[in-house]
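Visitor: Take the sequences, apply the hints, and build the full model.
Residue numbering for the sequence shown follows the numbering used here, starting at 1 and increasing by one per position.
If you're looking for bench data, these hints aren't it; they were derived computationally from the structure. Take the hints with a grain of salt, since some may be wrong.
Said to hold, decoys possible - With a straight-line Cα cutoff of 25 Å, these simulated DSS-like cross-link-like pairs (lysine-lysine) come out: (1) K120 x K131; (2) K424 x K411; (3) K462 x K411; (4) K462 x K424.
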Amino acid sequence: MPSIPDPESPAIVWFRRDLRLCDNLALLAAVRTGRPVVCIYIREPSDEFAGALGAAQACWLHHSLHALDQSLAQSGNRLLLRTGNPLATITELTTLTGAASVFWNRRYDADGVRTDTAVKAALTERGIEAKSFTGFLMHEPLRLLTGQNRRYQVYTPFWRAFEAQVRIQDDLLVPSSMAPPENLPGSESLTCWNLLPSNPNWARGFEVHWQPGEAGAQARLDAFAEDSIDRYRNGRDYPADMSTSRLSPHLAMGEISPHRVWNATSAVFNERTAEDVVQFRRQLVWREFSWHLLFHCPDMATANLNSRFDSFAWRGDSDNLSAWQRGMTGYPIVDAGMRELWQTGWMHNRVRMVAASFLIKHLLIDWRQGERWFRNTLLDADQANNAASWQWVAGSGADAAPFFRIFNPIKQGETFDPSGTYVKRYCPELAGLPDRYVHRPFDAPDAVLTDAGVVLGHNYPKPLVSHPFARQRALAAYRATAQ
Numbered sequence: 001m002p003s004i005p006d007p008e009s010p011a012i013v014w015f016r017r018d019l020r021l022c023d024n025l026a027l028l029a030a031v032r033t034g035r036p037v038v039c040i041y042i043r044e045p046s047d048e049f050a051g052a053l054g055a056a057q058a059c060w061l062h063h064s065l066h067a068l069d070q071s072l073a074q075s076g077n078r079l080l081l082r083t084g085n086p087l088a089t090i091t092e093l094t095t096l097t098g099a100a101s102v103f104w105n106r107r108y109d110a111d112g113v114r115t116d117t118a119v120k121a122a123l124t125e126r127g128i129e130a131k132s133f134t135g136f137l138m139h140e141p142l143r144l145l146t147g148q149n150r151r152y153q154v155y156t157p158f159w160r161a162f163e164a165q166v167r168i169q170d171d172l173l174v175p176s177s178m179a180p181p182e183n184l185p186g187s188e189s190l191t192c193w194n195l196l197p198s199n200p201n202w203a204r205g206f207e208v209h210w211q212p213g214e215a216g217a218q219a220r221l222d223a224f225a226e227d228s229i230d231r232y233r234n235g236r237d238y239p240a241d242m243s244t245s246r247l248s249p250h251l252a253m254g255e256i257s258p259h260r261v262w263n264a265t266s267a268v269f270n271e272r273t274a275e276d277v278v279q280f281r282r283q284l285v286w287r288e289f290s291w292h293l294l295f296h297c298p299d300m301a302t303a304n305l306n307s308r309f310d311s312f313a314w315r316g317d318s319d320n321l322s323a324w325q326r327g328m329t330g331y332p333i334v335d336a337g338m339r340e341l342w343q344t345g346w347m348h349n350r351v352r353m354v355a356a357s358f359l360i361k362h363l364l365i366d367w368r369q370g371e372r373w374f375r376n377t378l379l380d381a382d383q384a385n386n387a388a389s390w391q392w393v394a395g396s397g398a399d400a401a402p403f404f405r406i407f408n409p410i411k412q413g414e415t416f417d418p419s420g421t422y423v424k425r426y427c428p429e430l431a432g433l434p435d436r437y438v439h440r441p442f443d444a445p446d447a448v449l450t451d452a453g454v455v456l457g458h459n460y461p462k463p464l465v466s467h468p469f470a471r472q473r474a475l476a477a478y479r480a481t482a483q
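Guide: Now the structure itself:
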């Protein structure tokens, strides 16, 4: 049993994907001990979420850690950076500082759970207090279960159960001060972690679109709640509009808590905005559902939840995969999305579905190839959300779109980007086309293409595959799998 801590013995806060001060229960618990506080982030040999961070998110992590360190400095503290095995690193830190308590917020992937369980057991055996708290999610996957005491497999029942049990947290506190111990150990250099790209710096344009850190997250939330949420329901599917929150990178790094986002929607909930708030909350809860699935199905990022798809006849076409990755498929809405991803580290959700459907069902390329590409290039890469969403599109997930639901990229573009504003933003070579042809340049007369300066196969690609052919091929593959 842990002994009663000495009033001068520090409390360690182990930060992970909770890089914030507000509504950070582990940090608040440490401050409430009244003892000195040691704040640490550990770069583990394998990142806490299924392998190394993607390149885009590693870049974000650099800026997020820097922002957290600045916030801690304003409270009289600092963030220690260490690389190594968490148990060995924390054990060494307790020895160096004389810390008698270690606090952290829970994580829910299998590797993270195993590591945290081992750390807690080892610390407790040494007489050191070890406590974990919720903070990454608004629900605990083990507690929100069906009436049969099983995990949820379908989103809508999960949403209903979640909505019925969620409670507004009014005490989203920010510690005003937290003194470090006098013998605070040294820190590794964030610069030496080499998280930022160089030669070339492909992330140079990211700073135009994003402000990593807790302050940036709060500013994004405030702007959405004040200016955009009242048009979310009708505008969220139109990629040229700014009707979505763009909070996903901040949530992925824990720079803002989901409770804080939920509270903000409550503050603007009224008769006029009710449907908008509900639709936004359903997207927020999809993230919760995804983590619910991953907790109960730890290999969701690599294995079909529906095992029938294990025999699906995927095509290993590296040239088509590369063309999709580069935004060179010949379908403008798909190409615009893939180029938006490369230029900004983010992609509009409607376009994500269209681009994913194209890879899986038009090109018959394994959804895991797309999942890996998104995990490496998305600033909001989220192990659970990414895998669950790819499996949803593929039709192999627990709550999946049926495989025979095949997005028509032409109609999707014409419906949700009717004037081609989004496409022309990211595919400027098509900017001269009339609206009626911007999503189908391959149907434009030669004279129209000439006037627009478009030469198919030269400055814009011809389609990799025709939609009618791809649809029939995908349906045949699905029927063969279903037999």
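Visitor: Evaluate each hint against the coordinates.
Guide: Evaluation of the provided hints:
1. K120 x K131: 8 Å, holds
2. K424 x K411: 17 Å, holds
3. K462 x K411: Holds. K462 to K411 sits at ~18 Å (cutoff 25 Å).
4. K462 x K424: 17 Å, holds
Violated hints are absent here; each numbered hint is respected by the structure.
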